[in-house]
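Peer 1: Here's the letter readout for the chains.
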Amino acid sequence: MDEQTSFETVAPFLIFFVYALPVILMIGGLIIGSILESRHFASIRSREAATADYPAVPTRSWDETRAVAEVRLVASSVVVSLDYFKRILAGLRNIFGGRIRSYESLLDRAKREAILRLKESAPGFDIIVNLRVDTSNIASVHNRKKGIGGVEVLASGTAIRYERRKG
Amino acid sequence: MKFVRRDLGEAGEVSSGGGIRGVLVETAKLSALGVALFAVLYFAIGWATGFVVSRLSVERERAIFSVLSHPEFASRPPERLAPVWGRVEAVLEQLRSAPEVPALDYELYYQDHPVANAVALPGGAIVLTRGLLEALADEDNDMALAFVIGHELGHFAHRDHLRSFGRAAGMRFALFLFFGGDLEAITTNATQLMMLHDSRADESAADLFSIECLRTVRGSSAGAEEFFASLLNEPQLPRWAYLFSTHPELEERIRAISDQTLPRTENR
Amino acid sequence: MILTNIETVPGKRIVEHYGLVSGNTVRAKHVGRDIVAGLKNIVGGELKGYTELLDEARNESISRMVAQAEALGANAVVNIRFSTSAVSQGAAELYVYGTAVRVE
Chain L
844 MDEQTSFETV APFLIFFVYA LPVILMIGGL IIGSILESRH FASIRSREAA
894 TADYPAVPTR SWDETRAVAE VRLVASSVVV SLDYFKRILA GLRNIFGGRI
944 RSYESLLDRA KREAILRLKE SAPGFDIIVN LRVDTSNIAS VHNRKKGIGG
994 VEVLASGTAI RYERRKG
Chain C
1339 MKFVRRDLGE AGEVSSGGGI RGVLVETAKL SALGVALFAV LYFAIGWATG
1389 FVVSRLSVER ERAIFSVLSH PEFASRPPER LAPVWGRVEA VLEQLRSAPE
1439 VPALDYELYY QDHPVANAVA LPGGAIVLTR GLLEALADED NDMALAFVIG
1489 HELGHFAHRD HLRSFGRAAG MRFALFLFFG GDLEAITTNA TQLMMLHDSR
1539 ADESAADLFS IECLRTVRGS SAGAEEFFAS LLNEPQLPRW AYLFSTHPEL
1589 EERIRAISDQ TLPRTENR
Chain Y
647 MILTNIETVP GKRIVEHYGL VSGNTVRAKH VGRDIVAGLK NIVGGELKGY
697 TELLDEARNE SISRMVAQAE ALGANAVVNI RFSTSAVSQG AAELYVYGTA
747 VRVE
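Chains as they are written, first to last, in the numbering used here: chain L, 844 to 1010; chain C, 1339 to 1606; chain Y, 647 to 750.
To be clear, the hints were calculated from the coordinates, so they are not data collected in a lab. In this text the structure is predicted, and so the values were computed from the model without any measurement. Every residue gets a Cβ at the ideal spot worked out from N, C-alpha and C, and that includes glycine. Please note that the accuracy of each hint is not assured.
[Claimed, not checked] Chain C stretches covered by chain L per the calculated footprint, using a threshold of three residues with CB under 8 Å from any CB of chain L:
no.	segment
1	1339–1349
2	1371–1382
3	1431–1439
[To be verified] Stretch by stretch, here's where chain C covers chain Y in the computed footprint (C-beta under 8 Å, at least three residues):
no.	segment
4	657–665
5	712–725
[As the list claims (entries may be wrong)] Over 10 Å on every C-beta distance to chain L, these chain Y residues come out as not near it, computed from the model:
no.	residue
6	K694
7	T697
8	D701
9	E739
Make the full structure from the sequences, and use the hints.
Peer 2: If you want it as structure tokens, here you go:
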């Protein structure tokens, strides 16, 4: 009967691990994830305002009236992942279809961050032309059980610095 | 081409989501939809399983499930439990002759688990746990042992084993179709709950079948209540844990049996 | 709003540009479409449900990009690029971006 008693002592812990732990992870992930997201957005907005004079554009033309001092290839990437709770929400969305807002905001963040890093990687330049932004899923596609839902955003372009006008 | 600085304003934030409030609204909406879908599935699968089971004759069941062997269970217990195993075999032999017991190829299996439990599986397999065999090892408990076997035969007679098997299989398939194998923890738990929860009324019905069966074969069912009372003295899981258990609380079941047996004993 | 995926708007002159404008949307297909597509996978051919879904999503992305261009006071978006990517099982992102310009 000793074994039976010991089983009953561990039963609440088993149930805790099977049922309660995922719930704790979900709620913790949601709260911490949301705080981190709003902080990230605040940082993105202030850095965007700071670099508002430094555009990054998909076009390949620049101000040809000005002499070019330096040209540099720039590339930067960001890998982001969704929190546990939102991943489950996205799983539910897969049943009913429709917009997945949490992924939209995640990718929006990632792209703006990648473009900001692009600008920060060439400080003092005036414009980035031929901007390309690519998104790819880097979670292991072949083993979905271990897929961590990582998404890479890669931004690349050509940074141009004009000759400073004298005087 | 000249660059002119302009401010995007709010238009730059279309995709930035609704913060924690947006997530909660989305969660509420999706969970409501999910619960509704689950309820529809639950009833649809329950109904479909009932329909199929009602059309499935015992002969057909025997033919279909005879291919099932159960490699996950042992066919014999360890040597020290051999005497009680022999008595189980004898009781099964005796009870299956009762007219109300369906003519399946009954086979006994053993599972090394400390909690007393018995399970009826499609095709006539009866799985007994170590905990149960230990509880029944006492030879004075012969009526209790007969009651347990009769209870499992009751599941076979009422086709409960087919229904819970069908429900679980149906739910698993449906959830697989919807989730495509994702969220495995959720689907497994949902499937288990589906299998377990419905069986409370069935358990009591199987208890009554067992009593009837014992009366037909042995002329009396006295002893079953005592067996339950003996189980009751052992440490129980906390009350809330029964949410996750197959068998209704013992007190409830003893009450159900007593309601059936006591008046007749008095008449005697 | 004039939209092109070349450097210029033919027949017009770009006066000034206001920088990058973009729009994105992430859509999940629902189970009904999944099941039909699963059957269609056996015989091959166009998965109409998915085509429709991605069209809708692309239009949504374009309208978000156009809204940004309008907020900047632009009257054209040039050099538009599309990128479609699978961000998770069953969810696709449609991202569209271009340069907001004013043409005459």
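Peer 1: Minimum Cβ separation between E739 of chain Y and chain L greater than 10 Å?
Peer 2: At roughly 6 Å from the nearest Cβ of chain L, E739 of chain Y sits no farther out than 10 Å, so the non-interface label is violated.
Peer 1: Taking a Cβ-to-Cβ distance below 8 Å as contact, does the segment 1339–1349 of chain C have at least three residues touching chain L?
Peer 2: Per the Cβ count (5), the hint holds.
Peer 1: Are there three or more residues in the segment 1371–1382 of chain C whose C-beta lies closer than 8 Å to some C-beta of chain L?
Peer 2: holds (count 3)
Peer 1: Closest CB-CB distance from T697 of chain Y to chain L, is it above 10 Å?
Peer 2: About 15 Å separates T697 of chain Y from the closest Cβ of chain L, which puts it past 10 Å; holds.
Peer 1: According to a criterion of three or more residues whose C-beta lies within less than 8 Å of a C-beta of chain L, is the segment 1431–1439 of chain C covered?
Peer 2: This one is violated; 0 residues, fewer than the three required, reach chain L with a Cβ under 8 Å.
Peer 1: How about the segment 712–725 of chain Y: do at least three of its residues have a C-beta closer than 8 Å to a C-beta of chain C?
Peer 2: holds (count 6)
Peer 1: Three or more residues of the segment 657–665 of chain Y near chain C by CB distance under 8 Å?
Peer 2: holds (count 6)
Peer 1: Is K694 of chain Y truly not at the interface, in the sense that its beta carbon sits beyond 10 Å from all beta carbons of chain L?
Peer 2: 15 Å, holds
Peer 1: Report holds if the minimum CB distance from D701 of chain Y to chain L is greater than 10 Å, and violated otherwise.
Peer 2: 14 Å, holds
The structure is inconsistent with the numbered hints 3, 9, although it conforms to all the rest.
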